[in-house]
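Novice: For the protein sequence lines, the chains are G and X, in the order given. With this note's numbering applied, the first sequence closes on residue 112, and no number is skipped along the way. With this note's numbering applied, the second sequence closes on residue 114, and no number is skipped along the way.
Hints were generated in silico from the structure; no laboratory data involved. A quick note: this is a predicted structure, and the numbers were derived from the prediction, not measured. A portion of the hints provided could be inaccurate.
Claimed, not checked - Partial list, computed: chain X residues near chain G (C-beta under 8 Å):
#1 PRO42
#2 PRO43
#3 PRO69
#4 SER86
#5 LEU90
#6 ILE98
#7 SER99
#8 GLY100
#9 THR102
#10 TYR104
#11 PHE105
#12 GLU107
#13 GLY108
#14 VAL113
Just so it is clear, CB atoms sit at the ideal spot from N, CA and C, and this is done for glycine as well.
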Amino acid sequence: QKEVEQDPGPLSVPEGAIVSLNCTYSNSAFQYFMWYRQYSRKGPELLMYTYSSGNKEDGRFTAQVDKSSKYISLFIRDSQPSDSATYLCAMRGIQGAQKLVFGQGTRLTINP
Amino acid sequence: DTEVTQTPKHLVMGMTNKKSLKCEQHMGHRAMYWYKQKAKKPPELMFVYSYEKLSINESVPSRFSPECPNSSLLNLHLHALQPEDSALYLCASSQRHISGNTIYFGEGSWLTVV
């Protein structure tokens, strides 16, 4: 079983829809949670960074962490065609300098 | 725009060639990373430099040789590569090599080995 599970999709939704992207994980030591957006043939770009549990909002993006369920989510409101990309969840434990563990990435397409 | 700059953006090399990938950051970060990413896969960690010293080598074959000349620069020297080494090579940096610090990626260098 992988430490981090993420549905690779592809996920296709109409413009303006609310998008929900999710990851589950098995390592209860994970405390730092990130979402990266990666456009085709580009490097990953940090979207959201959350420590421990709770919600964080930035514009149209909301990140949620539910540590009791070992489940994290990224919501995109009023989705735009420019949001079409692969979204990678990533997480790390708190001790020392632990490796960033990525999900497989979900390929998202927003249709005009 | 990312503040981690990688050159070249694209590189095609033969299996007997020697080439280098270069990375530069001016954010004052003291940890720098090389990752390798194959198509439809997440990035895989190769090397970590902390304060210009190699701190992690993820059992990478010796045909990949990293170098950190100073706190702003990171190189990856390539020699005798195989076609299966074709991938996107990502440089990244963070303030320090500790879990609480965010890792920022460059745009990547696309490598094709022929």
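Novice: Look at each hint and say if it fits the structure.
Specialist: Do the hints match the structure? See the list:
Satisfaction of the interface hint for X:PRO42 is found here, the shortest Cβ-Cβ separation to chain G being roughly 3 Å, below the 8 Å cut-off. Against a cut-off of 8 Å between C-beta atoms, the interface hint on X:PRO43 holds, since the closest Cβ of chain G lies about 6 Å away. Taken as an interface hint, X:PRO69 does not check out: its beta carbon lies about 22 Å from the nearest beta carbon of chain G, beyond 8 Å. Interface hint status for X:SER86: violated, as the beta-carbon distance to the closest one in chain G is roughly 14 Å, over 8 Å.
Because the smallest distance between the Cβ of X:LEU90 and any Cβ of chain G comes to about 5 Å, under 8 Å, the interface hint for this residue holds. With 8 Å as the threshold, the beta carbon of X:ILE98 comes within range of chain G, its nearest partner Cβ sitting at about 5 Å, so the hint holds. Annotation: X:SER99 was flagged as interfacial toward chain G, and the flag holds, the nearest CB pair being 4 Å apart, inside 8 Å. Contact between X:GLY100 and chain G, as hinted, is supported at the beta carbon level, the nearest pair being about 6 Å apart and thus within 8 Å.
Satisfaction of the interface hint for X:THR102 is found here, the shortest Cβ-Cβ separation to chain G being roughly 6 Å, below the 8 Å cut-off. With a cut of 8 Å, the hint placing X:TYR104 at the interface with chain G holds, because the nearest CB-to-CB distance is about 6 Å. Because the smallest distance between the Cβ of X:PHE105 and any Cβ of chain G comes to about 4 Å, under 8 Å, the interface hint for this residue holds. Here the hint on X:GLU107 is kept, as its CB sits about 5 Å from the closest CB of chain G, short of 8 Å.
Because the beta carbon of X:GLY108 sits about 4 Å from the nearest beta carbon in chain G, less than 8 Å, this interface hint is met. Using the Cβ-Cβ criterion of 8 Å, the hint placing X:VAL113 at the interface with chain G is not satisfied: the shortest such distance is roughly 18 Å.
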